[in-house]
Amino acid sequence: MRIPFPFSAIVGQDEMKRAILLTAVDPTIGGVLILGHRGTAKSTAVRALPALLPPMSVVDGCRYGCDPKSPASRLCADCQTRMNAGAKLRAHKAPVPVVDLPLGATEDRVVGALDLERALTRGEKAYEPGLLARANRGYLYVDEINLLEDHLVDLLLDVAATGENVVEREGISVRHPARFVLVGSGNPEEGDLRPQLLDRFGLSVEVTTTTDLDQRVEVIKRRDACDRDPEGFAAQWAEADAEARRHVERARKKVDTLPVPDAVLRTAAQLCAAVGTDGVRGELALLRGARALAAYDGARQVTAQHLRVIAPSALRHRLRRNVLDDVGSTTRVTRAVTDLLSD
Amino acid sequence: MDETVASPLDARTQAELAATLLAIDPIGFGGAVVRAPRADIAESWLAMVRSLLVEGTPIARLPISIPDDRLLGGLDLAMTLATGRPVVERGLLARTDGGVLILPCAERASDALIARLTSVLDTQRTAPRGPFAGEPTPARVAIIALDEGDGVDERTAAALTDRLAFHLTLSHEVSPDGALFTPTDLRVARASFPKVTISEARITTLVTVSLAFGIDSLRAVSFAVRVARGAAALDGRRTVRDDDCQVAAALVLGPRATRLPAPSEASAEPEPPPPPSDPADAESERDERPSPEELQALEDLMIQAMQATLPIGLTIEAPSQGPRQGGSAGRSGDDRAGGLRGRQVGTRRGDPRGGGRLDLLETLRAAAPWQRLRPPITGHEGRVLVRVRPDDFRIRRLIEPAGTTAIFVVDASGSAALHRMAEAKGAVELLLAEAYSRRDEVGLIAFRGNVAEVLLPPTRAIAAAKRALAALPGGGGTPLASAIDRARELAVQARRTGNDTVVVFLTDARANIARDGSPGRPQAEADALASASALRVLGGTTVLIDTSPRPSEMAQRMAEVMGARYVALPRTDAQGIHAAVAAAMPRASA
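Going line by line, the protein sequences match chains L and D. Under my numbering, think of the first position of the first sequence as 1, with each following residue one higher. Under my numbering, think of the first position of the second sequence as 1, with each following residue one higher.
None of these hints come from the bench; they were simulated from the model. Watch out, some of these pointers could steer you wrong.
Residues from chain D that face chain L, not an exhaustive set, calculated with beta carbons under 8 Å [as the list claims (entries may be wrong)]:
(1) 28
(2) 108
(3) 115
(4) 119
(5) 122
(6) 124
(7) 148
(8) 149
(9) 190
(10) 199
(11) 203
(12) 207
(13) 214
(14) 217
Simulated restraints, written as ranges between beta carbons of each label pair [unchecked claim]:
(15) D/138 <-> L/163: 30 to 40 Å
(16) D/575 <-> L/55: 54 to 64 Å
(17) D/575 <-> L/250: 49 to 59 Å
(18) L/225 <-> D/258: 22 to 32 Å
Backbone N, C-alpha and C fix where the C-beta goes; we use that ideal spot for every residue, glycine too.
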């Protein structure tokens, strides 16, 4: 099996890397949408996450990867039963799951379905968990999400928002925790996402292949080094990855208590009004993003500067746009940021 | 490896080199996409690859209709039922670990299959279905995609080909008795390949050339580096030389070029890379620092090597690739007909592991009459089980709500251009925007001069549609017949995927170019009317918007013959046209 390319060794693409790391700090920011051409390290970044992020503690034998420390209400039914019976939940460490959801996956496969094997060989009605169960507490990655059927995207965003997968089908009635960060990537030239869905992603990133010669050469050099000696290459970047991991761990502890001054809240609201986002999703994503960023940077409170950095990612996909308008959304957001925050 | 390689590569040498390199490290190169007009030509190349691979390398064919449980592994239903205990079978990917998969008819593979293959190429492992199947299993495979599509409309999905190093176009059979390398060469090369190094200057040149030819994907350059190293290994060297880079340029970069470099290229080049000022890497003692002139010379060599493999029809500074042809819904053999989602309209016999949804009640109902006849099975803990056989399985038949494909046929001839070109464009833009939010597909045909041209095959990518429209020039004759024919062809294709069609003509119907391209009004009008009645036979919704200054008789007649709703818009703007068409659309409220 391939040793993944280390996250820290990805050249450039800072906005994408930041967006992904911030969702590791605060998964409630919501999903991340990555739009860009092929060969821009989108898949590489996502697949590098299990090696990068701190391993998590998982209840032994739990099919949904429950956290033994979480309150009973957030455990799956199996673990709750075990806890109520007075058993101590034993746990082990496991890497953060990154689950691929391939195009054309059936709804059964995604949400889970009747376990045919047990139904047929034992005559038992049992539930076979789907991809959403495996992604619990981790990441669900959909490459070419713009080509995924709308109803599946909708379903994913719903589950991601509620943190719970509710299955009612074929006589099965199951609900289990499914808290994950949805990461979707795609090439907009091959089809767009429905505007209604766009709004439901927390952050969005536009990646482009760099045309900077030096950067491209650096990319190829690292890739070449990794191809020839994957273990050695991974070892070389282990310290950088560990550094990022420490940042994430520290930020996770701080993020919930980090103060957000009223002035910053006001600015965020003004910013959303200035670019004309509908609803409060934009403001929420902006604030959570800024807070996670501040925590990651080790700041004592959230400042306007954090808003400035995160605004394009948090807002650009929410602008009510004339689809035929050429002025990029990013430009409109940056313009609004400059107007509001220049003085 | 000798002068055969140093000179620009002929087609035969390319084919053999690609086969040899692939055979050195199939998994590292990802594989190849082979385009050939006939199956036997591709087969001859495959035979060559086979003869060069390490003996015992697993090789398997992967039919594009393969169901998930065969590909990824899963429960073997027949065996499970026969034995009364779970029997798990390994998927094709896991069984071919360390080997080569051959994908015939790759251009018709569904998006779903492509997604599974790209994921396995990225992660080199596969996760079988179901909780009983255990951990992901290693699946390190190379994929050889055989592309038998003709024309640009049918191509293997770019998501896959981007991950395969070699893109070959073969026009003749290759003889399997490859003569460039001996088995010893290959053995030596396999051993030394990981140790071959390449200087930063040469990497820089490969990057520069790839940029100049409009190759955005960095995977391509990465493969080029790998191929250059492989070529050096085949020659028994430990460092990459200029001729190795030539091989890489010809085999990897050439076929991926999307444009030709801007002409006065010597001056337009990005500044030459800074001479490596850091203390020379251990490996580069042989390359004394290359001067800009030397780099330029290498670039020229590579560009020369690429000539033979550039795709036909490249233009200077052409825009980068448009939307993928035959995208998600347009490809025949896609899931649509199979109906994996949508509204249930009944059940049919079938295997639920193929992606269909089991209808449990109907399955039991089907099994019930046979219970007494079938030998009893005692299951777990002595329970008596319902005896269900694979024949009994009933899966749900689902009907997907059909989508709509709107085809806009815009008259860009001189006469129309004078009148309402701007309004027509405006209206199409509005309609496009609306179709976009309804997730309809939109296609665009323009006609002017002698022919009608499909500017945009039906797509959901609004950006591409808009670009095509903006670039639409005006002037020339009115080849109406040819335009109607093109529209009909697109409509037929769209129907095949289960979509409803709406064809919207914006024209003054003053046809003056006959179907064969010759001028002359009488013949042109006769041809147009003939085409129009053929379109009527097809059915579907048609709208003809008369753009002439006052309602024209010809346009009315044309509309009548093609069964179109006629809308005269002598004096209105984009909004007016838009409203008229929206009213005629079948599901404008959807």
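These are the hints, each one checked on the structure:
1. Against a cut-off of 8 Å between C-beta atoms, the interface hint on residue 28 of chain D holds, since the closest Cβ of chain L lies about 7 Å away.
2. Annotation: interface hint on residue 108 of chain D violated; nearest CB of chain L at approximately 14 Å, more than 8 Å.
3. Checking residue 115 of chain D against chain L: minimum C-beta separation of about 4 Å stays under 8 Å; hint holds.
4. Interface hint status for residue 119 of chain D: upheld, as the beta-carbon distance to the closest one in chain L is roughly 5 Å, under 8 Å.
5. Checking residue 122 of chain D against chain L: minimum C-beta separation of about 6 Å stays under 8 Å; hint holds.
6. Because the closest C-beta pair between residue 124 of chain D and chain L is about 4 Å apart, less than 8 Å, the hint holds.
7. At a threshold of 8 Å, the smallest CB-CB gap from residue 148 of chain D to chain L is about 22 Å, leaving the interface hint violated.
8. About 18 Å separates the beta-carbon of residue 149 of chain D from the nearest beta-carbon of chain L, more than 8 Å, and the hint is not met.
9. Among the interface hints, the one on residue 190 of chain D is violated; its C-beta lies about 14 Å from the nearest C-beta in chain L, farther than the 8 Å criterion.
10. The restraint placing residue 199 of chain D at the interface with chain L is violated, with a minimum CB-CB distance near 10 Å, outside the 8 Å limit.
11. For residue 203 of chain D, the interface hint holds, the least distance from its beta-carbon to any beta-carbon of chain L being 5 Å, beneath 8 Å.
12. Because the smallest distance between the Cβ of residue 207 of chain D and any Cβ of chain L comes to about 5 Å, under 8 Å, the interface hint for this residue holds.
13. A hinted interface residue such as residue 214 of chain D counts as satisfied when its beta carbon comes closer than 8 Å to some beta carbon of chain L; here the least separation is about 10 Å, so the hint is violated.
14. Annotation: residue 217 of chain D was flagged as interfacial toward chain L, and the flag holds, the nearest CB pair being 3 Å apart, inside 8 Å.
15. One distance hint, 30 to 40 Å for the beta-carbon pair residue 138 of chain D and residue 163 of chain L, holds here, with the actual separation near 33 Å.
16. With their beta carbons about 59 Å apart, residue 575 of chain D and residue 55 of chain L fall inside the hinted range of 54 to 64 Å.
17. About 57 Å separates the C-beta atoms of residue 575 of chain D and residue 250 of chain L, a value consistent with the hinted range of 49 to 59 Å.
18. For the pair residue 225 of chain L and residue 258 of chain D, the supplied restraint of 22 to 32 Å holds, since their beta-carbon distance comes to about 28 Å.
When the structure is compared with the earlier hints, violations turn up for hints 2, 7, 8, 9, 10, 13 and for no others.
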